[in-house]
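> Chain B is already provided as a structure; the job is to place chain S on it using the hints.
Quick note, the sequences are listed as chains B and S, same order.
Heads up: the first sequence runs through residues 1 to 222, numbered per this note's numbering.
Heads up: the second sequence runs through residues 1001 to 1262, numbered per this note's numbering.
There is no bait here: all hints are sound.
Residues from chain B shown here face chain S by an in silico Cβ test under 8 angstroms; the list is partial: (1) A2; (2) E3; (3) T5; (4) V6; (5) F9; (6) M77; (7) A78; (8) D79; (9) D80; (10) R82; (11) G214.
What the hints contain is simulated information worked out from the structure, not anything from laboratory work.
Cβ atoms here follow ideal geometry from the backbone N, Cα and C, with glycine treated the same way.
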Amino acid sequence: MAEHTVKAFDEDITRLRGLIAEMGGLAEVAIAESLDALVRGDETLAEQVVARDKRIDALEVEVDKLAVRIIALRAPMADDLREVIAALKIGGVLERIGDYSKNIAKRTNMIEGRARFEPLTLLPAMGELAGEMVHDVLTAYAARDPDMAREVIATDVKVDGFYNSIFRNLVSYMVENPSTISSAAQLLFVARNIERIGDHATNVAEMVHFAATGVYPPEGDR
Amino acid sequence: MTVIHPDMADEGAKIRARDVCVYYGEKRAIDHVSIDISPDYVTAFIGPSGCGKSTFLRCFNRMNDTIGAAKVTGLIELDGEDIHGSRMDVVQLRARVGMVFQKPNPFPKSIYENIAYGPKIHGLAEKKADLDVIVERSLTRAGLWDEVKDRLEDSGTALSGGQQQRLCIARAIAVDPEVILMDEPASALDPIATAKIEELIDELSGRYAIVIVTHSMQQAARVSQRTAFFHLGKMVEYGPTSEIFTNPIEERTKDYITGRYG
Chain B
1 MAEHTVKAFD
11 EDITRLRGLI
21 AEMGGLAEVA
31 IAESLDALVR
41 GDETLAEQVV
51 ARDKRIDALE
61 VEVDKLAVRI
71 IALRAPMADD
81 LREVIAALKI
91 GGVLERIGDY
101 SKNIAKRTNM
111 IEGRARFEPL
121 TLLPAMGELA
131 GEMVHDVLTA
141 YAARDPDMAR
151 EVIATDVKVD
161 GFYNSIFRNL
171 VSYMVENPST
181 ISSAAQLLFV
191 ARNIERIGDH
201 ATNVAEMVHF
211 AATGVYPPEG
221 DR
Chain S
1001 MTVIHPDMAD
1011 EGAKIRARDV
1021 CVYYGEKRAI
1031 DHVSIDISPD
1041 YVTAFIGPSG
1051 CGKSTFLRCF
1061 NRMNDTIGAA
1071 KVTGLIELDG
1081 EDIHGSRMDV
1091 VQLRARVGMV
1101 FQKPNPFPKS
1111 IYENIAYGPK
1121 IHGLAEKKAD
1131 LDVIVERSLT
1141 RAGLWDEVKD
1151 RLEDSGTALS
1161 GGQQQRLCIA
1171 RAIAVDPEVI
1181 LMDEPASALD
1191 PIATAKIEEL
1201 IDELSGRYAI
1211 VIVTHSMQQA
1221 ARVSQRTAFF
1231 HLGKMVEYGP
1241 TSEIFTNPIE
1251 ERTKDYITGR
1261 YG
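Next comes chain S alone, as it looks inside the complex:
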C-alpha cells in the first residue's frame, strides 16, 4: 500500500501511471506502482539501491524496451495518451520525454553538433540559422553558453565532467521536451558541479516536468517539491518534499531518511 499525502490532489498529471509492474524475467522489480507526476514540480524518487526507482523512471520513456528480459505491465499515460498505445511513436516519445544519465555521455562530436543533432533528426530546424538559435538557447538554459560560446567546435568530450553533464541536459532540452528524466545526474560530479546542476534543475522546473532519481537525500530535499520513497519495488510514500523530510507518515520512510535503514 502506498501512502499518498492528502494535499496533492488537483495538481494535474503530466504523467499518470497506474498499477505499473516491471519484470526482469521472473523477478518483479516494480510492484503495482501508481503515481501522478505533476507538470509544475520537480519530483524526486528516493530509496535504497535495488528498490526499483531507476527501473520505474525508465518506464516513462520506454527505455525498458531496450532491455530484452524486461516486461512492463500496467498503464502509463503522457498527457492522457497511453505511451504503449499503437499510435505512440517511441522515437517521438523519447523526444517528448528526455533523459539525462548518471554518467555524462556526450556524443564524440563537437559541442555544437551535440546540441544540433536532435533538432536536426526531429526536423525542428531547417536552416543553419535556426539551428544556431536552438544551440544558443539550449546552452543558455543549461547555463553553459558563456563557458563554451567561443569553442563550439571543440569536442564535447573535452569538457569537464560537470560541463559534460550540462551539455547533456542542453542536448535533452534542444528537442523541446515536455518531461526531463534524470537518473542520478550529479552523482559523478564534484560538489560545485553538483550545485550548478541543482541550480539548473531549479531554473528548468516549471518549464518542464522533471523527475529525478537520486541517492542523495539532501539533493532530493534541495531540488524537489515532490518526493516518492521506493522500497523493494513498491512505492511506500509519496508527498510534498517538505513533509516527507520533516514529518513522514510511514515508518519505513522515516527509517530510511533518518539513516536508520537496515
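Okay, chain B solo, but in the shape it has when bound:
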C-alpha cells in the first residue's frame, strides 16, 4: 500500500498492527500453555499463564487508546478506517481469548486422579486446533489476506466437532463413574472454553476479511 502523505499516520497504523500482533502471539501461547499445565498438572506454569494475561489486558487498553487517538487526530477514511475499527474489535476479542486460557489454567488444581483420567488426553488436540486458528487468523491479519481468513472460518466446524464428541465422552464417563463427576465437569468447562476460542478466532477472521475487502465474508462461510 502506498504511503500516506502525512508519514506519522503510517507510523500510527504500523504501531496499531504491531500491538495486535503482539496480543495475538501472547494469546496463542496462553492457549497452548494453559492446556499443557492442565494436562500435566503443572501449577507453576498455570500461574504463569494467569500472570501473563495481565499483559494481554494492558495491550488491549493500549490498542483502544491508540485507535481512539487515530480516529480523533487522523480522521481515517476507507480502508484506513476499516483497519482501525477492525483493530479495535480484534483487540477486544484477543483479550477474551486470553481470558479463556486463564480460565483453563485456573482449573489445573481442580482435576483429581490425573494419571488414570482418560478424557484429559482428548483436550490437547482440540486446543491445538483452536490455537492454529488463532495463529492463522493473525497471519491473515498481517498479510491482509481475506482468503486465508475464510479458511480459518471454515476450520471452526472441526473445533465444534471436537467439542461435541468430547462432551458426549465426558457425559458417558460421568455416568459410568460418578466419582469422576467433579473433575469431568471441570473438563466440560475447559472444552467449552476452547470451543469459544474457536468462535472468537472466527470473529477475528470476519474482521480481517472486512478490513481487507470492505465486506463481511459470505454467510455460507459462517
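Relative to the frame of chain B, chain S by itself:
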C-alpha cells in the same frame, strides 16, 4: 472511465449532464463527464486542486459563459431542458440554479436590500409587504433571521464572515431556486461558522437540489449523501457518500480520501 456505484439508479435527475467537456483555450479542463444530479440529495464534488470540479460546477448555471476563453461542449439538462438551448434565458437559468461562492460577496447595500434585490428584478414581489415576507422567510431559512431582524437596514458587509455567507445563501434562496450550487462555501470561515453553514445545508437539502464543491473531505462526508471524485478533469467515481468514504471502488479515489494522493 467513470465508476458509478450501482445502487443509485432510478433516483431521478434534476440535472443531467452527458459527455460534458470544458476547454480553456486549448486546454481541456473537463473531459467527457456524465452525471445525474439527484433532486433529493446533497451532492459533493471532491478532488485535488485543478481537477476541474469547480469548472464543472460552474457549467450548471452557465457561469463559464462569463469566461471568454472557456468553451463548453456536451449536453446539460435541467429538468430535461437543454440549458444551452435557444429557448433558455440565462438570467432565468441563474435564478433557477443559484450559486454561493467561496468568499462571501454581499452587495454593499443593506441586509434587506441584499435579499430583496433578486425577487425585485425577477418580478417575484410587487408590494413591499410581499418583499418583507420573502426577506423574512429567506433569512429564516438561512438561519440568520434572529441575528439580524433588528438591523435589516445595516450594511450586509458589516456582518461577520459566517453571517455574510449565510446572507449570500439567503440571497440565493430568495429567488426560489431549484438548485443551489456552492463552491467551497465554508473554506473562508472558522469552525463554528462552518458548522452553521453545514447545518444549514442539511436543513435546505430535500427542498433544493444542492451541489457543493469542497476541499474538505470531512465536510463532504458530513453534508452530502452523494459524492463524485474528480481527478485530472475526469470524474473517477460517483456513489453514495457512505460508500465512497468507507469502501471506494477505484484505487485513485481510495488514495485521495485516505491521504495517500501524490
